[in-house]
Amino acid sequence: MLKYILKRLLLMVPLIVGITIVCFIVIHLAPGSPTDLQTDLNPRVSAEAKARLQAMYDLDKPIYEQYLLWVGRLATLDLGQSFSTDHRPVVDKIMERIPITIIINVLSMILIILVAIPIGVLSAVRQDSLFDKVTAVIVFIGFAVPTFWLALLLMILFGVDLGWLPISGVRSLNYEYLPPLAAALDLLKHLILPVFLSAFGGLAGLSRYMRSNMLEVIRQDYITTARAKGLSERVVIYKHALRNALLPVITILGLSIPGLIGGSVIFETIFAIPGMGQLFYMSVMSRDYPVVMGILFIGAVLTLIGNLVADISYAVADPRIRVA
Amino acid sequence: MAVAGGVVVLILFIVSLCAPWLSPYDPNEINLREVLASPSPAHLFGTDQLGRDVMSRMIWGAGISLKVGFVATGFSLFIGVILGALAGYYGRWVDAIIMRFVDVMLCFPAFFLILAVIAILEPSIWNIMIVIGLTGWMGITRLVRADFISLKERDFVQAARAIGTGDLRIIFRHILPNAMASILVAATLGVAGAILTESALSFLGIGVQPPTPSWGNILTAGKNNIDIAWWLSLYPGLAILITVLGYNLLGEGIRDSLDPRLR
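The listed protein sequences derive, respectively, from chains A and B. Residue numbering for the first sequence is 1 to 324, as defined by our numbering. Residue numbering for the second sequence is 1 to 263, as defined by our numbering.
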């Protein structure tokens, strides 16, 4: 097991190098880079910002040296300072906003697991039943719904028309004065719509995946064996088949991480949630390049870590993986 | 169902080609006496915050969506097919390098990468087409590579090689046509994905810039007037939903008809 983890960690090294190279290339698209001759014609970039970019990325040095210096700073988590008026270190700005983003993403992942897996299993077990057909249609529509539009419709329905749920922020104005239980309830109410919506896309995908997985497992010889032994259908399906069909789900969840993190830009902007996605959006709008680059890098690293965790949990759950 | 998808796609083509004749008003005609008018016989889908006719803007927006969808997917196809063909055909270190690059690109939340590049280059319709294309080729690369790996061992490829056919000719004339089916499916689904991404970007104000109408930026007005003008939120989103559904159905239909195992 230890050997597998070590091997997996080693494989991450070229990926991290690749991530830094892609980020570096994106930075060099920015005005102020030596390759961009249009800088002087770009009125959106102030002389001060240009000077700071010059200093920050050592633009007077040869390109490979610029890269090495930049990676050296990354390694010490020095992402530079924000261009905004507060001039705070980018790392601090990002770190204070990560928790709420991670909370929402973890909650939506839990929601995806709790809802999609039973749906997928049921539609596989009762293949071609009414339930299977209805969920197939819903899932197909689910793939095509622009989630930000669904967000608007739900805001109109639950926020404006019915007035049941708040439609912006994570806390009510009187949050500070609420007793602990009411405060928790308040937070929960603010999170219902964002969590549901960020889970929405994954719900459709995972339930479909679970269905086809389950159908495949049911056709395996060991399931026939289990039936031949005279085990009840219940035990065959929920003990023998389900456990094997669940394994690849770990990988799928790992693969869904970048989508969830990327989606946080949309939901945090729509619902005014002070997380990393909203910070990213605001930084993009105000052209605060150090913050944009910092979040781009951290978003990729978070994905990498998520995939690593998924791979290791898969190896823990399925011994066959470790050998291969 | 695939036919239904095809019909939707066809109707969209016709609507965007005939926009000048179909749209009841000039999409950019501002009418301050009819600001945020609810749907009526004169304005079937109502008007926006500047009194512009929403239906006319949606008809013109159809062309924008189509254009973005096709050009962006064209970019993804171009990169994905070439890299996938090289990786699958040559294998070894060529494959190793290209596939590691794919892995790296897949680490980035696509939306983050798109936004970061847009922050640096101005948001414009051309830039978003290019950026959506540049961040969407990885799936196609994997697909084409897998096809090439299985096809290159076939007898007809061996035969072509035996008579001295060059690598490029084998790749483009012998193997690629056989991989076309799965590429076509991926492209159809890719158009749907690109339209969704464009609408989300335009909704956030970093895609198609007003006054150019796009379904996404009409929805922005919908959000800003969420408590008074539901029609601004409802109709453009419905248009996106139906369009994406149409492309997805068409893509699935093509897949089912090409892959007999799935029948």
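Rather than coming from a laboratory, the hints here were simulated on the basis of the structure. Just so you know, even glycine gets a beta-carbon here, dropped at the ideal spot from N, CA and C. It cannot be assumed that every hint is accurate.
[Stated by the list, open to error] A short, non-exhaustive set of chain B residues, derived as facing chain A with CB atoms under 8 Å: (1) I14; (2) V15; (3) S16; (4) D26; (5) Y90; (6) L121; (7) I149; (8) I206; (9) L219; (10) I226.
Kindly indicate which numbered hints from before are broken by the structure, ordering the numbers from low to high. 1, 2, 3, 4, 5, 7
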